Every structure is written in structure tokens, then in C-alpha cells.
Amino acid sequence: MSKGPAIHTRDVRRVFESRKGFFFNELVRTEALRGVDLDVADGEIFGLLGPNGAGKTTFTKILSTLLIPTSGTVEVLGMDVVKDAVRLRPRIGLVLGGERGLYNRISARENLRYFADLYGVPMERRDRRIQEVIDRVDLTSAADRRVEEFSRGMKQKLHLARGILHGPEVLFLDEPTIGLDPKSARETRKLIRSLVADGVTIFLTTHYMFEAEELCERIAVLSRGRIVARDTVAGLRRLVGGDRTIEVEAYGFDEGEVARLKHIAGVSRIVSEEFGPKLRLTLRVGTTDLSLDTIRNQLTNHAELTVRERRTSLEDVYLDLVEEEAT
Amino acid sequence: MVARSYSRGRSLLAVMRLAVLTFLADPQWLVPSLIAPVVFGLVSYELFAGSGPWFVLYAILGAGMMSMWGQTLYGSGWATGQDRHLGTLEPTLTAPTPYLYIVLGRVIWNTLAGLLGGAIVFVVVAITYGHPIPLANPLLFLLMFAFVITTLAAVGVVFAAAYVYTRYAGFVQNVGEFAFYIGTGCMFPVVLLPFWSNPVSLVLPPTWALDALRYLAIPGYQGFSWGFWGDMAGALGTTALYLGIAGTVFRRVERHVLEAGDLNDW
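Chains D and C, in that order, give the protein sequences. So for the first sequence, my numbering puts the first residue at 153; every next one is plus one. So for the second sequence, my numbering puts the first residue at 15; every next one is plus one.
To be clear, the hints were calculated from the coordinates, so they are not data collected in a lab. Bear in mind the structure is a predicted one, so any value in this text is a computation, not a measurement. Treat the hints with care, as some may be off.
[Unchecked claim] With a straight-line cut-off of 20 Å between C-alpha atoms, the simulated EDC-like cross-links for lysine to aspartate or glutamate are:
hint : chain 1 : residue 1 : chain 2 : residue 2
1    : D       : K172      : C       : E268
2    : D       : K235      : C       : E60
3    : D       : K172      : D       : E196
4    : D       : K235      : C       : E268
5    : D       : K235      : C       : E273
[What the hints assert, rightly or not] Across the chosen pairs, the derived CB separations fall in these ranges:
hint : chain 1 : residue 1 : chain 2 : residue 2 : range
6    : D       : P274      : C       : L157      : 47 to 57 Å
7    : C       : A193      : D       : F175      : 22 to 32 Å
8    : C       : G261      : D       : H160      : 28 to 38 Å
[Unchecked claim] Sample of chain D residues facing chain C (criterion: CB under 8 Å; computed from the structure):
hint : residue
9    : L248
10   : L254
11   : G272
12   : K430
13   : R432
Just so you know, even glycine gets a beta-carbon here, dropped at the ideal spot from N, CA and C.
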């Protein structure tokens, strides 16, 4: 029997209201989410990207029962996150990360023991399970030290340990590798992959594009409270114009040159940006037939012209999509 | 899935354990739980020793109650405020255990710590001044003391809800603290207060419980005209009312904070 999606949302909206002014008589409404539709399959690693303030954390908190949506349907593991929150909570995990969110004056092991009890991890397994997750996030030698002595990276690992302590079926990770050194970040990504191998569905938000590209089967880009694209990384590359990116640099281009480049077959998008004293044109190319010489032939009046090619990165895709949404 | 479902008893014990660990890790709690009660007790003795042993007991009971209340209020309400400050309110609310049980666990621990403070007052005063403080009915007194703790806990839970509701709950706490000290008769008899303040006194369960405690401990005590059993009925009724309010308030407060999305503000 095939399972339904682990996460299913339709037209999710969230408005924050706050009062300002001397007598708090001015009502300010901020629309954080403006109709988010999303389905995440069971056992998938799904990535949510978006600029600061796009609504990623708001959406993650709604999915993990910490925030009630203003309207829309939100189901996790087939349960409504508002009506069935109490039944759902033991089956999901949330890692918000950061410096806060831990009891600093007690040890990492005591922090985990407290939450193991609140989650109802069976008594006969509790201490073994705590040791398991401590080992899994590589905090073994620091497990009995007070959290206040921890570095930011160690706290991040402890957040992760707490998130997986009770064996959730769906794990929400909000920036899980922020603050980690490269080695720890790599180990964390390895841990995330191993969780998926255990059957856990992962919903991940991150600012690190390579991380999303490395881990996620599918990615959505959230901008200004709306999902502007969702696909595999390859699908997103196609969406913004192709796998190939050609960069052209010179001391300025006239409008005629840019227009000629736009008309070359296979060039789907041109973004221009200042690059020191030079101007850089970034071309998204969806065909393998276009050679760099074809580009050079259109730009013959430049003494110093650089033309190079690279693969379109997820960062390129992301920036294109967010910029497109903003304009 | 490793976890099954939460157990209320286990959650309460876990919260109490955390409170003990936090208590031991932070020496500031020695002031409200041990040092302040002893100072109150010694000062009371010095002030009222000439008025006879029962009057000393009257004053010491009030002093002990003040420190117990301080411990309950700070330990329960303040701890919830700390949850906001530390950012632990969010992960705690994501756990399946309802937050009401988290607060209840804290209240139980803090009232027990307050009880310890009260006991230490009696012992220190007895040792310092060379003779024990008399009690009319020691066994009943102990039972009644436990009941007083329950009435304190009932009010403490309602105050803790304020801390979940808003980061500005410290204001409510500070106002509530003085209303409590004066209104419940800890500092001086309620009958000395102006008539208009009586409703405030009577809606606080410890007012009734403290009067009942004094009826029990002090022979010939003249408190409220309805006597010991009237006090008991009042204490039971108001405690039940507070516990009922706490249950409803917590459900609503939890809903409100999930709607407002300000759990991480402090």
C-alpha cells in the first residue's frame, strides 16, 4: 500500500499582527505566507530555500505545530497540525538551532534526559537511546559538561541530538549546519543522509546552496511568502534557462551588444552586474550547441574581453528566481 | 519511532528533577528559599518575643508563608519567564507533554523547597533562642501545612500562565506579590485592612488557609469569625476555583501563543 505524502499543505497563509504607537492603537499586519502549496513524499529530503524574511521559519514552525496558520490546510503524516497537534508531536522532530533553546546550566546528557521524559521515550531504553544520539552527533566526550561551556557548533549538535532523540518520522531542520565547522557540517550532512536511510522524512531549510544541492532530492524556493519554484535541482536549472552558464566580462557593453547576445539561439536569460571596474554579463544557456567563439564574435570591439563557461549552480538558479520574484 | 506517548507522572518528575538541578546550579535561589525565611523568622522573634509565644508563632507563620510564596511565585512564574529567555519554551511546547504539567512540576518542587525553608525557620529560631516554638497540634499542623502548599500552588499555576502568555508578566508578578503579602494576612491581620480590600483577600486561597493554619497552631486564636471549618471550606473552594481556572487558562494561553507566534520573544 502506498503511503500519502508526509507533508501536505494547501493555500497556507499566515498574517502577523502587531500594535504600534504610543497607545498601541496602530495595527500593523505583515503577511508572512501568501498561499503555500507543498507536498513532500514519505522518506524524501526536501529543501526549502529563500532569502531572509521569506517565511521559511514561519512555515517550518507551522509544520511543526509551533504556530497556527491564519488559513489553509496543513497536514503532516496525514494529521492536521492544529487539531491533531498532541497526537502528531511525538512523531515529528524540530531542530531550530542557534545559541538559544537549551538549558545552559545543566549537562548535555541532562538536557536530553529531560526531553526524553517529556517525549515518553521508554524508560528501559532511555539511557541507551541518549547515549546513542550523543555518539551519533559526536558529543561523546562532552556529554556530561554543562551546556554553557559549549561552543556554538556543539550546541548545534545538541539541538540535532534532541531533535532525533525520540525517533521522529518527520524531522524539520531549520539551518542545521549553521555555525558548524566544515568537518562537523560534513558529518551532520552524513547524519541527515543516514536518517533518511532509516526512513525519516527530512524537511530542511538552509542558506547553503551546496548543502541543498548535495542533500535534497527536491527543492522549493520561497520568496515573499510564496513558493516561486519547486523541482529537482536539474529541473530548476532548466527553469532558469539551462545547465550552462557563460560569463562575459569587459569594461562595459553597449545596448546593441546585449541585444545581439539575447538573440543568439539557446540564450534564455542575461543578467548584468558590476564586477569591480568591469561589467559582467551572465548568460543562461539551454543548448550544448552554442560555443564560446559565437559569443566572442558578437563582441569584437573589446580590447579586454573574458568569456568563460561553468555549470549553472543552484545558487545561480536561486538568485535568478528570487530576483525575478522581486521585480 | 522510539517514543510511545508521554506520561503525566513521569513528566512531573522530570520537571521536578530539572528544577532541582537548576536550583543546585544557581546559588541565587538560596536567598528566597533559605536565607530570607531565616532572616524573617529571626526578626519576627526579636520583634514579638515580648508578646508571648503564640504571637511569635503568628508572626513566624506569616514570615514563613511570605518566603514560601516568594519561592512559589519566583520559581514557577519566573522559571517560565526563563524558558522564554533561554528559548526553551518552543522545544518544550513541541514536546507532547502539555505545558500545564511542566508548570505543575515546577510549582510542586518550589512549594516543597518553600516548605523546607519554613521548617528551617522553625529549627533555626528554636536553636538560636534556646527553646522550641510551641505548636498546639503538631501532626494536624503538618497536614495543614501541606494543604497550604496546595493553595499556594493553585495560585502559582495561574501566575505561571501569565508568563507563557506574555513576556511582560514580570509586571503582573510584582504587583501580585505585594497584593499577596498584604491581602492574605501574611504581614498583618486582614481585619486591619480597609473593607474595600476584603474581596481581594477573599479570592486568594492562602488567605483562608493561613487563617485556618493559625486557628490550628495557636490556642485561642481569633481570626475570621467563621472559624476553622469556615476557613477550610473557603480554602477548598477557592483552591478548586483556581485549579479549574488554571486548566482552562492554560489551554487558552497555549492556543493564544501559538496564534501570536511570539514564543521566542523575551
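Evaluated hints:
no.: 1; hint: D:K172 / C:E268; in the structure: violated (24 Å)
no.: 2; hint: D:K235 / C:E60; in the structure: violated (60 Å)
no.: 3; hint: D:K172 / D:E196; in the structure: violated (42 Å)
no.: 4; hint: D:K235 / C:E268; in the structure: holds (13 Å)
no.: 5; hint: D:K235 / C:E273; in the structure: holds (13 Å)
no.: 6; hint: D:P274 / C:L157: 47 to 57 Å; in the structure: violated (37 Å)
no.: 7; hint: C:A193 / D:F175: 22 to 32 Å; in the structure: holds (26 Å)
no.: 8; hint: C:G261 / D:H160: 28 to 38 Å; in the structure: holds (33 Å)
no.: 9; hint: L248; in the structure: holds (6 Å)
no.: 10; hint: L254; in the structure: holds (7 Å)
no.: 11; hint: G272; in the structure: holds (4 Å)
no.: 12; hint: K430; in the structure: violated (44 Å)
no.: 13; hint: R432; in the structure: violated (40 Å)
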